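With these hints in hand, go ahead and build the complete structure from the sequences.
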Amino acid sequence: MDHEHQPKFSSLIDLFESISIVEKGIEQVYDFLLKQPIIEDLNILVDALDLKPKRIYKINSVLKELGLIQIYYRPMKIQLMNPLESWEKLIQMKINVIQEEASSKIKYCHESLEKMFSAYELVKTPQVPVEFVSFVTPELDLESEFFTMICQAESWIAHGIFYKYDYNRTFDAIKKFSEEFNQNISRIIKNNKFKVLVSDEYLKQIDDLYERKKEMIPSLENLLDSNLNFDLRHTKKQFSNFVLKDHSVLIQPSFDPSGDNLIGCFISSPPEIVEVFSDKFNELFKEAEPVRRNDKSKEEFNFYQIMATL
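So for the sequence shown, my numbering puts the first residue at 354; every next one is plus one.
Here are the computed lysine to aspartate or glutamate pairs in the EDC-like style, where the Cα-Cα straight-line distance is at most 20 angstroms:
1) Lys546 <-> Glu636
2) Lys407 <-> Glu393
3) Lys442 <-> Glu370
4) Lys589 <-> Asp560
5) Lys477 <-> Glu628
6) Lys477 <-> Glu464
7) Lys590 <-> Asp632
8) Lys477 <-> Glu467
9) Lys411 <-> Asp394
10) Lys633 <-> Asp599
11) Lys447 <-> Glu376
12) Lys557 <-> Glu642
13) Lys589 <-> Asp561
14) Lys546 <-> Glu507
15) Lys417 <-> Glu380
16) Lys442 <-> Asp367
17) Lys407 <-> Asp394
18) Lys377 <-> Asp400
Read the hints as simulated data drawn from the structure, not as lab findings.
Note that the coordinates shown come from a computational prediction; the quantities given were computed from them, not determined experimentally.
Set out below in C-alpha cells:
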C-alpha cells in the first residue's frame with residue numbers, strides 16, 4: 354500500500370470498527386469497490402487483493418447484510434451502494450443501539466440504588482449549612498463579646514482549653530456602651546440558665562487572670578450581680594471548647610493560623626450533631642466538681658462566672 358493511500362485505508366478501518374464489524378479483509382474489498390463500483394467477475398477481487406475466493410464470498414455477504422453493496426446473480430455482478438447514504442444510515446443505527454444500551458444501563462443503576470436505599474430504609478436528610486460568625490470587627494460590640502451567653506433560655510458552655518483573648522476589649526465595651534444597653538444585656542443574661550464546665554487548666558488560668566485584672570471588677574459589677582442562674586463546675590478531664598444553645602445549636606470556636614487568637618465561631622444545628630455534643634457535655638458535667646460560691650467573695654465569683662463563659 355502506497356504512503357498516499359494509507360490515511361484513506363486507515364479511515365475505513367476506523368469506520369468498520371465504529372459499527373463493531375471485525376472481518377478480515379473487509380476494508381481491502383470495500384476500498385477496491387470505492388475505486389471500481391461494479392465488479393462482474395469475482396476473480397478480479399481474488400487476483401487484485403490476494404484473497405481466497407471463500408474469504409471474498411464471506412466479505413461480500415457481510416457487506417450485503419450491511420447494505421453497502423448489492424449482489425446480482427446469473428450473471429454475477431457486485432455493485433457498490435451509494436456510500437454517503439449507506440454509511441449515514443449504518444452510523445445512525447449504531448448510535449441508536451448505543452443510546453438504547455446506555456439508557457438501559459442508566460435505568461438499571463438508578464433502580465439498583467433505589468432498591469438498596471429501600472432495603473436498608475435509608476432516607477436522605479438535607480445538609481444544614483455551617484454559619485461563620487466573625488468576632489474581628491473594628492467596632493466594639495457588646496453582643497459579640499457575650500455571644501455565647503445570649504440565648505433564649507439555656508446555654509451550656511464547655512471550656513477545656515484556655516486561648517489568648519483580649520479581655521480588655523470586653524471590659525472596654527462594657528464601659529463604652531450606655532447604661533441602658535448594658536442593662537438590656539444584663540436582663541437577657543439574668544433570665545437565662547447557664548451550665549458552665551471548665552477544665553482545671555482553664556480554672557487555673559482564670560485564677561491568674563483574676564490576680565492580674567482586679568481593676569476589671571467594677572465594670573463587671575455594673576453589668577452583673579450575684580443572682581445569676583449559673584452552675585459552674587470544673588473537671589480534671591480534657592475536652593475541647595464548645596457551646597450548646599437551647600439544646601438546638603452548636604457553637605465551636607475558630608482561631609487564627611497561630612491557633613491562639615479567637616477570631617470567630619462556627620454555628621451548626623443538625624440534631625444528630627447537637628445530640629452527640631449534648632451527651633458529651635452531660636457525661637462530663639455529671640462527674641465534675643462545683644466551684645462553690647462560699648469559697649470566694651461575691652466579686653471574685655462574679656469574675657469566675659464571666660471569665661468561664663468567654
